[in-house]
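S.K.: Chains as they are written, first to last, in the numbering used here: chain W, 151 to 415; chain P, 1217 to 1501; chain H, 61 to 339.
Derived from the structure by calculation, the hints contain no laboratory data. A few of these clues could be false.
Simulated crosslink set (BS3-like; lysine-lysine; CA at most 25 Å straight-line) [said to hold, decoys possible]: (1) K278/W / K315/W; (2) K383/W / K278/W; (3) K235/W / K415/W; (4) K242/H / K351/W; (5) K383/W / K262/W; (6) K373/W / K415/W; (7) K383/W / K415/W; (8) K190/H / K383/W; (9) K373/W / K278/W; (10) K262/W / K193/W; (11) K373/W / K315/W; (12) K1249/P / K190/H; (13) K283/W / K353/W; (14) K315/W / K1275/P; (15) K351/W / K193/W; (16) K383/W / K353/W; (17) K278/W / K1275/P; (18) K244/W / K283/W; (19) K383/W / K235/W; (20) K97/H / K244/W; (21) K1223/P / K242/H.
Label pairs and their calculated CB-CB ranges [stated by the list, open to error]: (22) R1313/P / N349/W: 49 to 57 Å; (23) M334/H / A1238/P: 32 to 40 Å; (24) S223/W / T1349/P: 46 to 54 Å; (25) R1313/P / F108/H: 40 to 48 Å; (26) I1485/P / L189/H: 41 to 49 Å; (27) A1238/P / N305/H: 40 to 48 Å.
All residues carry an ideal CB built from backbone N, CA and C; glycine is no exception.
One letter stands for each residue in the lines below.
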Amino acid sequence: MKNMNGFLGLAVLAGVIGVSGCGKSRENITMAGSTAFQPFAEKLADHYLATHPEVSITVQGGGSSLGIQSALSGTAQIGMADLVKLPPEAALLKSVVAARDGIAVVLNPANKVDSLTMDQVHDIFTGKIRNWKDVGGADHAIAVISREAGSGTRSSFEQIVGNFKLTPDALIQDSNGTIRETVANDANAVGYLSHGLINAKIKAVTVDGEACSEAGIMSGSYKLVRPVFLMAKPDASPACLAFLDYVLSPEGQELIHTNGLIRAK
Amino acid sequence: MKLNGEKIIRYTLVAVAFSALASLLLIAVFIMKEGVPFMVKVGLRDFLFASDWDPQAGKYGIYPMVVASLYVTFGAMLIGAPLGVAGAIFLTEFVPRSVMRVIKPTIELLAGIPSVVFGFLGVMVLAPFIRSTLGGPGLSLLAAAVILGIMVLPTVISISTDAISAVPNSYREGALALGATRWQSVYMVILKAARPGIMASLILAMGRALGETMAVIMVAGNTVRIPHAVTDPVRTLTANIALEMASATGMAREALFATGVVLFVVIMILNGIALSAIKGKVRGR
Amino acid sequence: MRIPPRITQALAVTILGSATLLTVAVLLFIILFVLGKGLPGVSLEFLFSAPRDMGREGGIFPILVGTFLLPLMAIVIALPLGVGTAIYLTEYTRETRLTQALRFGTDCLAGIPSIIFGLFGFIFFVVMLKMGWCLLSGGLTLAIMILPTIIRTAEEAIRAVPNSYREVSYSLGATRWETVLKVVLPNALPGIVTGVMLSLGRSIGETAAVIFTAGSALRMPASAFDSVRTMSVHFYILAREGISNEKAYATAAVLIISVLLVNLAAYGMMHYFMARRAR
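Looking at chain W on its own, in the form it has when it is part of the complex:
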């Protein structure tokens, strides 16, 4: 009996603590969507919160598709999507371009191949070219790695490369980071990911002679680029819009730049 009373007491206490937080003195802003932009959104949120304790910003992933849906349904206050062009349903939302991001085609460092043409990229990912020796590498089957269906990186990639149906043999991973890890572990893998996530474990190839560099992206000579959109409902709260302004401000853009992404302009 004593045990029961103690346990009930604990339960009530937990309940009170949980519910007491209901008196929200801080406004909750949820951002959801593009996994490519997620780490940068986290950094922006961290810096913003240092000077604006009256809001609380949490960042979720889920992919660009989820970002648009969440913004539309109200599940998130700000949606993040890295798409070449926003789909028609997003017209209901107010959207701003927060950054620009290049998509790098990445290989394992042990792979001899250093450059590919856009056509070769197309043929590798559609399954027409199946062996590395056909593009100047070793005699080994190509392991194609792609993102899942709702990924903005994937839709953008497929759209830019054009006329695309991903080979059914492709392995699917669920974020940029996991693609990077998979390519880093497999000498015969090829994948694509946000250029802001390249590190020493993988190498990016040049596409049509252009490297995935900041200069190439800004000048437009590197073709695999897409904007990162932040979207909110037109009747979003002032705090929400204030954060969006922060992201577009010189301070926010500088933060994005120093962490490896490209400014919006």
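Starting from the structure of chain W, add chains P and H where the hints point.
M.R.: The following block gives chains P and H in isolation, referenced to the frame of chain W:
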């Protein structure tokens, strides 16, 4: 006065039981409501038995994933069942009770390791090993089956050990008195008596293997293709739900619920088999 | 040629023994590997500071809090509901086809893959009820997930209490509820606690259902409507995104130790209750 209090208690308990069962019913009904109309609309042939999964193009064939789930579960049982039952037999019959009392809880404690840890080890250790020895990308049907097999081992061992321990000592003594060796008494008498319990452990393990998601997403490769070799990457039904969930709308979302219905039905069938196996044995004795 | 039974026995023992050894070795290897790589990274600072730079630096304190609060909420919701239902089904009703069907139904629900609970929780709580990714969404989803197990184990535990105990209580003039409260439940407690602990262990290791309902926020939750990250989710994100293998293993080490502690506590409590009963 006490009786009035009793009535209040009774009505409270009814309310409690009702809400509990209502919430369980909620999830069952919700899944059916979203999934069944979809299956009627699209038809079983284009859903269960079609191989083209392309929601954006209106194609919802989950056959490769059904096959993958079955193969992965079967593979896991191929590894987990013999090792598990062998371990259970060894621990109860051929090892002193004191040793068993230490090892069994240890194995049960190991059952608490989260699946993502198994998955990660699969990616870091098992997949590269498969890639270098057997070829292919390493992320494969084989990797998933091995990891799941290891994951269900504690379940099989724990429940089978309980089942074998529960066999009355008189059975053992009777067999030994007739001149059987320990091993003969095991496979001629004890195993037969413990069969319902062992079957139950295997069915439970199968259900767990079928329902595992995270570890499988990490090591199986997630390709929607019917596997032709164990080194081929596969996507199970559960992995498909997890991968497509965030971006699925409209019919694609209903397709995921329909997949849930399929899994639900399979689990129900498995449970039904387990139930009848246990009932049958009890009556047969 | 007939092989002498002594030889088949020796053979059998060798095979079975090796199988057992292999099993124990593999399972031990996994634990020691993770602990070996992870424990060096675990310190008081790690446990009590907040994560920085997406988890590349810093510690896991808000995540520990999340890992504690989420299963706690699930149990606070599911325990009364589950035990109450079990009491009603065993003590206040007769065994009918309906109760058998209900039992079969709960058994089935206990076996449903957790991703389906995640799908349900996401669509129902996060999107439809507009609760968003938060502790409450996750807690409710986990509660529904563990409810069948709690009902089942509580029911079995209550049934295992010998009828003679009840009869003695009634013969002394106690009402049904008094009997349940003072005689049946205390004796069923070990079994019920086992069920709770099992569910707790399962909730702590749960990843799929949690990511889609409670989200993956790195901040300390201030209310039930804040998103939280649990250790399993954190480990998953760190490891798979390659953010920091070191921190990932450290998180996994803390995670494994927590689950081991919960299981040990379960055994301890079970033995404690059984010893008390023997008095």
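S.K.: Could you run down the list of hints and mark each one as holding or not?
M.R.: To see whether the hints hold, each was checked on the structure:
1. K278/W / K315/W: Given pair K278/W, K315/W holds - Cα atoms ~11 Å apart, limit 25 Å.
2. K383/W / K278/W: violated (43 Å)
3. K235/W / K415/W: It holds: about 17 Å lies between the C-alpha atoms, which stays within 25 Å.
4. K242/H / K351/W: The hint is violated at about 64 Å.
5. K383/W / K262/W: violated (48 Å)
6. K373/W / K415/W: holds (16 Å)
7. K383/W / K415/W: holds (23 Å)
8. K190/H / K383/W: This hinted pair holds, its Cα atoms lying about 15 Å apart.
9. K373/W / K278/W: holds (22 Å)
10. K262/W / K193/W: violated (36 Å)
11. K373/W / K315/W: holds (19 Å)
12. K1249/P / K190/H: holds (20 Å)
13. K283/W / K353/W: holds (18 Å)
14. K315/W / K1275/P: Satisfied, since the Cα-Cα distance of roughly 14 Å is no more than 25 Å.
15. K351/W / K193/W: holds (23 Å)
16. K383/W / K353/W: violated (39 Å)
17. K278/W / K1275/P: holds (23 Å)
18. K244/W / K283/W: violated (48 Å)
19. K383/W / K235/W: The hint holds at about 18 Å.
20. K97/H / K244/W: At roughly 47 Å apart (the allowed maximum being 25 Å), K244/W and K97/H break the hint.
21. K1223/P / K242/H: holds (18 Å)
22. R1313/P / N349/W: 49 to 57 Å: Once the Cβ atoms are compared, 55 Å apart, the range 49 to 57 Å for N349/W and R1313/P holds.
23. M334/H / A1238/P: 32 to 40 Å: holds (35 Å)
24. S223/W / T1349/P: 46 to 54 Å: holds (48 Å)
25. R1313/P / F108/H: 40 to 48 Å: holds (43 Å)
26. I1485/P / L189/H: 41 to 49 Å: violated (32 Å)
27. A1238/P / N305/H: 40 to 48 Å: holds (45 Å)
In this structure, the earlier hints numbered 2, 4, 5, 10, 16, 18, 20, 26 are contradicted, and the remaining ones agree with it.
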